[in-house]
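**Q** Once you've looked at the hints, dock chains B and C against the given chain A.
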Amino acid sequence: MQQEYVLEMIDIVKEFPGVKALQGVTLKVRPGKVHALMGENGAGKSTLMKCLLGIYQANSGKIIYDGKEVHFKNTQEALNAGISMIHQELSPVPERNVSENLWLGRVPVKGFKVDHKKMRQDSLDLFKRLNLDVNPDAKMGSLTVAKMQMVEIAKAVSYDSKVIVMDEPTSSLTETEVEHLFKIIEDLTARNVAVIYISHKMEEIFRIADDVTVFRDGCHVATEEAKNLDIDKLITLMVGREMTDMFPKVDCPIGDVVLKVENLSAGTAVRNVSFELHRGEILGMAGLVGAGRTETAEAIFGMRHITGGKIYKDGKELHIKSPEQAIKNGIALLTEDRRGSGIIGLLSIIDNTVIADLKKYGFPLNHKKMRADTEKYVEALNTKTPSVDTPIKNLSGGNQQKVLVGRWLLTAPDVLIVDEPTRGIDVGAKAEIHSLLSKLAGEGKAIIMISSEMPEVMGMSDRIVIMHEGLMTGILDRNEFDSELILKFATSDEKYVKEAQ
Amino acid sequence: MGGNSKDIKGFVSRNSIWLILIILILAVGVIQPKFLSVGNMVTLISGEAVRGIMAFGVMFAILSKGIDLTIGSTAALVAVITASFAQEADYANRYFEGGKPLPAILVILIGLAIGVVIGAIYGAIIAYTKIPAFIATLGGQLICRAGAKMYSDSPISKLTESYRFLGHAKIGPVPVIIIVFFLMFAISAFLLTQTRFGKNVFAIGGNDQAARVAGINVERTTVLVYVWCSFCAALGAILLTGKTGSATPASTGLNYELDAIAAATVGGTSHTGGICRASGVLAGILILGVINNGLVMLKVDDNMTNIVKGLIIVGSVILDMRKNAKRV
Amino acid sequence: MKMSKRVLACLAASAMVFGVAAPALADDYKMTVIMSSRDEFLSTLEKGATDAAAEIGGIEISTQDANNDPAKVLQFIEAAANAGEDAVIINLVDAETGAECVEAAGDMKVVFVNRCPSDTSILNENVVYVGSNEMTSGGFQGDFLADYFNEKGQTDVKYILLQGTLGLVHTTQRTESVLQHMKDGGLNIEEAAAPLVADYDRATAQEMIAPLLTTTEYDCIIANNDAMALGAVEAMLDADLDPASIPIVGIDATADGIQAIKDGTLAMTVFQDPVGQGMGALMAAVNMLEGKEFTEGTSFSADEENPYIVWVPFEPVYPDNVADYEK
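Protein chains in written order, with the numbering used here: chain A, 224 to 724; chain B, 402 to 729; chain C, 8 to 334.
Rather than coming from a laboratory, the hints here were simulated on the basis of the structure. For each residue, glycine too, the CB sits at the ideal point set by N, CA and C. Where hints are given, some of them may not hold.
What the hints assert, rightly or not - Selected chain B positions facing chain A (in silico; Cβ < 8 Å):
id, residue
1, A587
2, F591
3, N608
4, A612
5, G675
6, R678
With the rest of the complex left out, here is chain A (with noise of 0.2 Å):
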């Protein structure tokens, strides 16, 4: 007889010093369907998934899993149960290939030594069982992140898992990539496997999620069968208030020719790309992962070496070889990789926000004004925050990505780069984000904003410009844009030439 539920949570409850994560949630997810988990960040969405598997354990409630009480004190005896997680971010070993990752732990051994012969057969056996086109000798660290996480998932599966949770797993994900990892899950439901789906990204939920369960500030919401909800009723859940607007464009008096890049090249990632860029606009930047778009950034920021090509800001010419030199210059670039290259996670918001700035200070350096500045762009940004003190890795993604945009202000640039500015972070601070970058450009301030989401890239920009595998092949006018006009030039090989429209 088939339970009705694989898995229960049932009254979860996890404290951390100060902070109470999970305050007695509930999360019931059906055998073979997928249920969306979702909420803001820091909602407790990862929390809850973290005592699931093991990595916490949780202060009080209890977990059912396939009829009976478990408590998992690892997160292997939690894959060996059958549940399993494909993290955000995954942590491959890239030295080693493919197979070696996929059966990492439990190779298969003929007496002492490791049956290598068999270990490629049952990976071959088992991409072919999923469809996965996935080469098992070549190295981890040369797959694309797509193909690491189609590693994971049959990973997933060959540990005949019950349960598989997905973190946001398309963030980084083509959407051609999107659409395989949904025929995946879809197979993978088909067999019975529940699929417990966080994501930030509405479309995708829509399209995939049988139930769905909200979180708001570590409390149970509600949960829903999707159909019986729309995007309107799940922000509201989501956010506790009504969201009026996504997507606040306020249009702004466009002004001079601040940037005017000529025939940029810098190697092969970016060819021969030309725009201007105007006071008080928003230059949005479309295409697919690889299309050079955060190359052309890089390199108007003096990250990458240029290797062709002129950038002129007010009409003078630049010669900008680091980015102190392009900050010096009113260039700020607020980078896509946050962790990677933008918050220093120790350190204090304070000195986080202060940092790229430090010679207005004095010397000794000016502590007061320190505080006093960064206490006002937390306050104008809206950055929650226990206090300025705080390091900085204990805000949630929007709020770090907040005391970046701070840290870029405070340099009082001319020219703002934005890098995917929302990725990862929840609605309500992407909205919050959207509604500054347009009050920034109303205050004469000339944006770039890259972004893989359209509605994004669309309800923001005054212009796009599109691009593919570095040639830009396009330049759109706000009154043109059209997502399928979008997806023609970013698929397309030519260049872009002003006569051709």
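**A** For chains B and C alone, kept in the frame of chain A given last:
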């Protein structure tokens, strides 16, 4: 939020190392009351001053996720060179036969300059070739020690009193070396928290990519870190030769880098970068001092002393890592 | 003087490297001197050997520093054997490795210098030891202290001992013999503190002894070498104590040690003749190769029981004979 009790708890947790130090001092003092005498405290601190100053240098390197293994050898090279310029004129065994000692201040400046140059060289190698600091400074260690041995094959002694002032003299009852030590503590703490340089080192140790994006000149800062390290080593050399009255190419400063790194580590400087407090390092130095000094007074065997030292170093890092892990 | 010699040595070394030196004669001997490390004493010993070789002429000699690594000693011996050299002069790092060294040397003649292999039965007509009898060095210290306290009419004596590196034969022998001779001299001796192991290093000794000086009672300070004795002197000066108030004794009679005796801060030291040991070792090697008595051409004599041991005598140095030892 956060009542009084929480503040106290936070304060104790941040300063747990001082608590350990006080407990150690009391423990040794109970068994051997003479340990607590003012005279012995002066002995203890002046005994640790040289390694302590080196720890104030190396903590910057560790903070930036690097390391400096050259310290002891740099000290040896600086020691033999400065000593050779500061020998008494009437000593029969002068390095420069029949010469006169140079003015002490000049000799000291030469010594410090040598330190700065050495630090700049391997700092630049680390910053621009991106080879691990461990390797670059390991090479530097061998080269500087060999340099010291090539410069002289025997101890250089009979140094002028004016040269020995910093390491040997007393102002009233207070040895100058202790004054220099606390001065260097103050300067290091100032550099660490009150200057752009310090903030930049924190940033580089915390996340060098982010530091670069934030417009920090990572290379220049790295060079400065090793210049500072090496400067501290050179100053240590001058104090050490002043204190002992002799520079021995083969043994001056031998393994001092390890003691300095140990003190910085016990003092809570994280080898994964980004965490360092000057006051913690000061406590770390004094803890090692209490062990060195106290266990001799308790007539504890030399091997036992090293076992205790080893346990304290490893234990302190385990504690520290657990403390930091909790904060995630 | 030192400086210019160093320069000359460098020039000579580069001349060798560049092959400027005159081609070797047919009956030349090739040998390698392998030093455990290069401190002041051992460097002087090394120079004693190389100077003697230069004086004799026709000997191609090279030196190596094993940096206190016994494995390196063996490597250097094997390299010399492979290069077809005639003899090796070895200053052992580890006295227990004597047999391995002899084996590695193959057909080469072997002279151990300064540090005696712990198993002297490996010595024979092709393997000899040249050194000083460490039991006598500590003995001189002990005799001096016994006389000093007997003269004062004091029999209960508390001492602080600064030991060299543990595990070295001469550390043990120096310590044993000084204590034995004090007892033999009628003293009732007691240790004022646990023995301080200062590894023959001045700075280490100074640091280790500092906490004891004002907190313990002691009548004399015994050091296994001069460097550590001088460390004790500095520590006393640091503590505003007069080093001349109690006897501090060392061994080696280094330049600094001699100076300290002249200054009155060191009571006595024992002269170990590094030049004599170096020269004696080289002569023994040459004599073996030429089939002569080991000691020919030197003033040294062989041990009464073991003919393959050549003793270079120790000499005590006091304020009244210190002038003889000034260089």
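**Q** Starting from the hint list further up, note which numbers the structure goes against and sort them upward.
**A** 1, 6
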